[in-house]
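Undergrad: For reference, the chains in residue letters:
There are 2 protein chains.
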Amino acid sequence: MQSKTVDLSHGTGGDKSNELIKLIKKNFDNKILNKMEDAGVFAIGNTKMAFSTDSFVVDPIFFNGGDIGKLAVCGTVNDICMMGAKPLFMSLAMILEEGFSQNDLLKISKSIAQTSKKIGIQIITGDTKIVGKGKADKIFINTSAIGIVEDGINISASNACDGDDIIVSGNIGEHASAIMMQRNNFKFKTKIKSDCNHLNELVDIMLKVCPKINVLRDPTRGGLAASLNEIAQSSNMGIVIDNTQIPISQQVKAFCKILGLDPLYMANEGKLISIHPHRYTNAILAKMKKYTLGKNAKIIGKVTKNKKDVWIKSESGSLRRLINADLEQYPRIC
Amino acid sequence: MQSKTVDLSHGTGGDKSNELIKLIKKNFDNKILNKMEDAGVFAIGNTKMAFSTDSFVVDPIFFNGGDIGKLAVCGTVNDICMMGAKPLFMSLAMILEEGFSQNDLLKISKSIAQTSKKIGIQIITGDTKIVGKGKADKIFINTSAIGIVEDGINISASNACDGDDIIVSGNIGEHASAIMMQRNNFKFKTKIKSDCNHLNELVDIMLKVCPKINVLRDPTRGGLAASLNEIAQSSNMGIVIDNTQIPISQQVKAFCKILGLDPLYMANEGKLISIHPHRYTNAILAKMKKYTLGKNAKIIGKVTKNKKDVWIKSESGSLRRLINADLEQYPRIC
Numbered sequence: 001m002q003s004k005t006v007d008l009s010h011g012t013g014g015d016k017s018n019e020l021i022k023l024i025k026k027n028f029d030n031k032i033l034n035k036m037e038d039a040g041v042f043a044i045g046n047t048k049m050a051f052s053t054d055s056f057v058v059d060p061i062f063f064n065g066g067d068i069g070k071l072a073v074c075g076t077v078n079d080i081c082m083m084g085a086k087p088l089f090m091s092l093a094m095i096l097e098e099g100f101s102q103n104d105l106l107k108i109s110k111s112i113a114q115t116s117k118k119i120g121i122q123i124i125t126g127d128t129k130i131v132g133k134g135k136a137d138k139i140f141i142n143t144s145a146i147g148i149v150e151d152g153i154n155i156s157a158s159n160a161c162d163g164d165d166i167i168v169s170g171n172i173g174e175h176a177s178a179i180m181m182q183r184n185n186f187k188f189k190t191k192i193k194s195d196c197n198h199l200n201e202l203v204d205i206m207l208k209v210c211p212k213i214n215v216l217r218d219p220t221r222g223g224l225a226a227s228l229n230e231i232a233q234s235s236n237m238g239i240v241i242d243n244t245q246i247p248i249s250q251q252v253k254a255f256c257k258i259l260g261l262d263p264l265y266m267a268n269e270g271k272l273i274s275i276h277p278h279r280y281t282n283a284i285l286a287k288m289k290k291y292t293l294g295k296n297a298k299i300i301g302k303v304t305k306n307k308k309d310v311w312i313k314s315e316s317g318s319l320r321r322l323i324n325a326d327l328e329q330y331p332r333i334c
Numbered sequence: 001m002q003s004k005t006v007d008l009s010h011g012t013g014g015d016k017s018n019e020l021i022k023l024i025k026k027n028f029d030n031k032i033l034n035k036m037e038d039a040g041v042f043a044i045g046n047t048k049m050a051f052s053t054d055s056f057v058v059d060p061i062f063f064n065g066g067d068i069g070k071l072a073v074c075g076t077v078n079d080i081c082m083m084g085a086k087p088l089f090m091s092l093a094m095i096l097e098e099g100f101s102q103n104d105l106l107k108i109s110k111s112i113a114q115t116s117k118k119i120g121i122q123i124i125t126g127d128t129k130i131v132g133k134g135k136a137d138k139i140f141i142n143t144s145a146i147g148i149v150e151d152g153i154n155i156s157a158s159n160a161c162d163g164d165d166i167i168v169s170g171n172i173g174e175h176a177s178a179i180m181m182q183r184n185n186f187k188f189k190t191k192i193k194s195d196c197n198h199l200n201e202l203v204d205i206m207l208k209v210c211p212k213i214n215v216l217r218d219p220t221r222g223g224l225a226a227s228l229n230e231i232a233q234s235s236n237m238g239i240v241i242d243n244t245q246i247p248i249s250q251q252v253k254a255f256c257k258i259l260g261l262d263p264l265y266m267a268n269e270g271k272l273i274s275i276h277p278h279r280y281t282n283a284i285l286a287k288m289k290k291y292t293l294g295k296n297a298k299i300i301g302k303v304t305k306n307k308k309d310v311w312i313k314s315e316s317g318s319l320r321r322l323i324n325a326d327l328e329q330y331p332r333i334c
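First to last, the sequence lines map onto chains A and B. Numbering follows our numbering, with no gaps: position 286 of the first sequence is 286. Numbering follows our numbering, with no gaps: position 32 of the second sequence is 32.
Derived from the structure by calculation, the hints contain no laboratory data. Not one of these hints is a red herring.
Treat identical chains as interchangeable: a pair holds within one or across any two.
With a cut-off of at most 30 Å between alpha-carbon atoms, the simulated DSS-like pairs for lysine-lysine come out as follows: (1) Lys133 x Lys107; (2) Lys107 x Lys35; (3) Lys22 x Lys133; (4) Lys117 x Lys4; (5) Lys290 x Lys212; (6) Lys138 x Lys107; (7) Lys187 x Lys257; (8) Lys26 x Lys118; (9) Lys107 x Lys191; (10) Lys193 x Lys313; (11) Lys133 x Lys26; (12) Lys25 x Lys86; (13) Lys257 x Lys191; (14) Lys35 x Lys48; (15) Lys86 x Lys31; (16) Lys31 x Lys107; (17) Lys107 x Lys193; (18) Lys107 x Lys22; (19) Lys302 x Lys212; (20) Lys86 x Lys302; (21) Lys35 x Lys208; (22) Lys48 x Lys208; (23) Lys298 x Lys86; (24) Lys86 x Lys48; (25) Lys16 x Lys193; (26) Lys35 x Lys307; (27) Lys86 x Lys35; (28) Lys253 x Lys193; (29) Lys4 x Lys133.
Construct the entire structure; sequences and hints are all you get.
TA: Here you go:
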């Protein structure tokens with residue numbers, strides 16, 4: 001009998017990814033890892049800290065709105081921010097293919113230095129490995145980040161409560177659209193720009209208005225659909241979102257329509273979902289809208305104990321289930 | 001003019017590696033990173049912590065004495081141990097090639113789980129990326145580790161002092177020999193086993209006898225030669241080692257002789273160098289020899305302010321400079 005192999009669908013961020021992660025974790029006995037948060041949280045004395053890792057294999061490595069270096073810093077910083085952590089320290093590990101341009105390496109390193117400086121996170125440890133020509137694709141970057149979670153903040157994918165409001169911080173689908181547009185060399189009139197950005201300042205502003213935010217999540221691989229499904233499952237709650245309220249730019253709408261793609265499944269790299277008690281919504285939304293990265297923020301739905309899974313209300317008012325991604329629409333998006 | 005590219009010699013751990021790292025760090029302004037330690041050290045309140053990252057691209061992924069999973073856990077744990085840290089938390093990120101066997105993935109994951117359990121380090125965050133067939137070689141693993149450095153411990157590659165003794169914890173060259181033997185399918189009578197192992201317990205024992213150890217270093221890529229050169233340079237001291245005292249097994253000696261390799265440049269994955277005041281040497285050595293991983297420990301040399309660089313004394317008593325590795329003898333050793 002031939003042994004099963006890993007295929008591209010295991011990288012979706014959806015159900016097939018979860019299958020593979022289950023296989024990897026089969027021999028692990030670990031409560032923190034099993035929580036499937038964006039970051040692991042631990043305590044040193046009385047100080048709560050968040051720790052997260054991500055490898056970046058995006059293709060192309062330079063794209064409209066960023067590059068693999070900026071993405072590698074923002075992506076991992078955003079993961080610890082989704083636990084409410086303030087980013088402090090970062091590691092940087094590169095796997096380079098023999099023959100990779102030193103000029104491109106310098107450009108990417110510069111982008112990493114600039115982005116980490118903006119965020120105020122210090123890169124304090126690193127590693128570089130070189131593999132032979134054809135044994136990797138140009139450059140892969142891994143970053144891990146450490147941050148401090150302040151007292152009183154308790155954010156988790158499992159904390160969504162009945163009646164909580166759901167806000168998304170801006171237009172969705174931009175990162176995946178930008179990458180696909182460039183990768184396939186589509187000739188559209190306007191180029192879509194990746195939303196690749198760091199969310200630490202936005203989270204900071206939001207937590208000042210409402211330290212009682214229950215869930216934060218950045219809908220990267222698998223898009224809004226994967227993140228909402230994870231939250232519903234972890235919290236053992238239902239989620240209902242309103243299709244008419246989801247912020248999407250005209251460009252992304254048009255791009256997706258032409259290619260038959262669903263923006264709800266498309267990766268974002270500078271957006272977040274906030275789930276919090278209804279009474280804080282107006283204050284949070286007002287603050288978010290004053291900040292560039294939150295100016296298109298919208299209330300998109302509610303958490304309910306009366307349902308399971310994630311449901312989406314259409315223009316006509318009918319409900320359909322928003323299932324998890326199970327096919328890889330676009331590999332190597334991040 | 002054609003732009004310069006990255007080549008395999010940039011992965012030696014020697015001078016060419018340092019050139020590449022200099023390029024990557026060109027835009028960074030960071031005191032901790034510039035120290036070039038095995039791990040970055042920072043403080044949270046009064047608690048000193050060490051943080052390190054490493055990517056593993058070893059080929060073959062299963063070898064005599066270990067596999068890429070065991071190596072990925074031990075390698076990064078050893079890096080924080082070299083700052084005197086007790087390992088606590090780890091991240092695990094995998095890049096998988098489309099078509100990689102799920103059975104092999106399960107074996108590697110099991111090895112990771114077993115090794116981390118033995119060490120007592122918890123894997124609390126992870127990531128998995130899949131790239132297309134031919135865009136990576138089977139599996140690459142990145143781990144990052146966090147540990148606590150207890151009060152009074154102050155270990156650094158820059159701390160070697162005039163008159164300090166240098167101990168190496170056991171026979172050198174075993175990891176690189178094992179990998180090369182297997183990769184090239186050499187038919188020797190006896191197989192050389194990689195020394196791949198975690199050094200946390202050995203370091204623990206040593207620090208109990210002598211909390212005043214000045215330098216610890218695990219001589220991985222670039223071998224003993226690269227580590228000693230880094231220490232001499234960071235400490236602005238000279239190092240003199242005695243060729244007759246360096247512990248090498250008969251098998252590794254024979255293997256290196258036949259292939260014309262120098263074991264001083266060959267990677268180890270379960271050995272350490274300790275540099276400490278002379279008065280502690282007998283006590284440290286006695287303790288080390290009682291422990292399996294230290295039973296072949298030897299005093300190999302001394303630190304001196306009267307020289308620069310690293311020097312090796314031959315059987316006849318003559319001195320020659322032990323320069324850094326500058327050619328890649330064997331890529332993808334770790």
